[in-house]
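Q: Generate the whole structure from the sequences, applying the supplied hints.
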Amino acid sequence: MRQVVRAGRRRIRPVHVQALPEGKTIRHIRLPRVRRGRGARAAGEDVEGAKVRRLDEHDIGAAIALTNLENWGYTRADFVRLLTLSPEGCFVVEANGRVVGVLTTTTYDGLAFLGAVIVSPELRGKGAGKQMMETALDYLRSTGVRTVRLNAYLNAIPFYERLGFQREYEVIRWTGSTATGRARGVRPLRLDDLDGLARFDATYFGANRRALLDLLAEEVPSTFLVAESRGSIRGFLAGNPGGDSCEIGPWVVAPGRGSVSQDLYRGLVAAAGTADVAFSGPSTNEALLEFVRNRGFEEVFRALRMRWGADEFAGDPRGVWALGGLEKG
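No gaps in the numbering here: position 128 of the sequence shown is 128 in this note's numbering, and each next residue is one more.
No lab work stands behind these hints, which were simulated from the structure alone.
Remember, predicted model here, so these are calculated numbers, not experimental data.
Do not take every clue at face value.
Stated by the list, open to error - Per label pair, the in silico range of CB-to-CB distance:
#1 S259 x D56: 43 to 53 Å
#2 G49 x N294: 46 to 56 Å
#3 S222 x R53: 37 to 47 Å
#4 A314 x G144: 13 to 23 Å
#5 I157 x D316: 20 to 30 Å
#6 N68 x S259: 18 to 28 Å
From the three backbone atoms N, C-alpha and C, an ideal C-beta is built for every residue, glycine too.
A: Put into structure tokens, the structure is as follows:
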């Protein structure tokens with residue numbers, strides 16, 4: 001739920017990485033193998049004395065300590081959530097018995113998002129980050145994932161391109177002060193909404209995020225809002241308040257219904273009771289860009305959405321107002 005940058009944090013100085021059945025069924029497809037330079041070791045083998053293994057709950061403290069090096073603001077709950085969504089798909093680099101790198105993946109059947117990756121300063125540029133990437137991509141391919149996406153900080157783009165990632169579009173991070181107002185046709189989520197909500201969400205996200213939506217329904221029931229008209233879902237928004245700020249996302253609205261987006265936003269402001277909000281959304285959503293201009297939100301940074309593998313699960317970014325998290329799409 002939480003992004004890797006919080007309101008009021010300094011601009012991130014990133015390392016190399018930063019992250020259900022929809023779409024046509026494909027019986028046979030060949031994904032590109034991870035490109036390895038001459039002399040590179042296979043995934044899982046030692047690189048400069050480091051070895052990749054799966055992340056478990058005992059590693060969370062070390063993972064938080066690493067992400068704190070860049071002030072990403074991850075909490076134990078964030079990593080527990082990522083492990084719940086993908087218990088076999090999160091990895092660490094260990095050297096001399098110490099965790100020196102971390103990477104997570106979140107899979108929605110044939111689509112996966114990769115993110116939350118950082119390597120300890122003394123191992124940067126020595127192959128540990130590349131080794132984690134190779135391990136993660138090989139794992140995802142072995143589970144049937146056809147498409148991998150991530151949100152790359154701009155100075156990391158060449159690294160991803162060397163691994164075979166292709167450019168898609170920019171994602172923008174905003175923060176701003178809240179403003180109250182009347183919210184029409186907005187109510188808290190009901191559990192019997194989830195089936196229809198997952199189908200609605202998949203139209204715009206590009207894959208079925210039911211597992212994530214179920215988690216958010218448990219974690220933030222009072223700030224998980226649905227907009228409906230005549231019994232049909234027009235949009236939804238989930239917010240995670242913490243301190244004086246509320247992290248928004250996912251936030252999905254049918255294109256052409258800007259008033260629904262406004263109502264969901266005002267409903268969240270009233271429910272969360274925070275002074276500020278923060279969220280990240282696609283630069284290709286013109287209605288979203290107009291919304292943030294009118295609200296006077298501050299742009300914090302930009303990332304680049306990139307893709308590895310099949311060009312599938314594209315969704316429709318015009319309906320996406322906030323990601324569910326830079327690390328998990």
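Q: Hint says 37 to 47 Å; check whether the CB-CB distance for S222 and R53 agrees.
A: holds, 38 Å
Q: Measuring from beta carbon to beta carbon, are S259 and D56 in 43 to 53 Å?
A: With Cβ atoms ~46 Å apart, the hint holds.
Q: Cβ-Cβ distance between I157 and D316: within 20 to 30 Å?
A: Once the Cβ atoms are compared, 24 Å apart, the range 20 to 30 Å for D316 and I157 holds.
Q: Cβ-Cβ distance between A314 and G144: within 13 to 23 Å?
A: Roughly 19 Å apart at Cβ, these two residues keep to the hinted range, so it holds.
Q: Taking 18 to 28 Å as the hint, is the beta-carbon distance of N68 and S259 inside that range?
A: violated, 40 Å
Q: Is 46 to 56 Å a correct range for the gap between the Cβ atoms of G49 and N294?
A: holds, 53 Å
Of the numbered hints stated above, the single one contradicted by the structure is hint 6.
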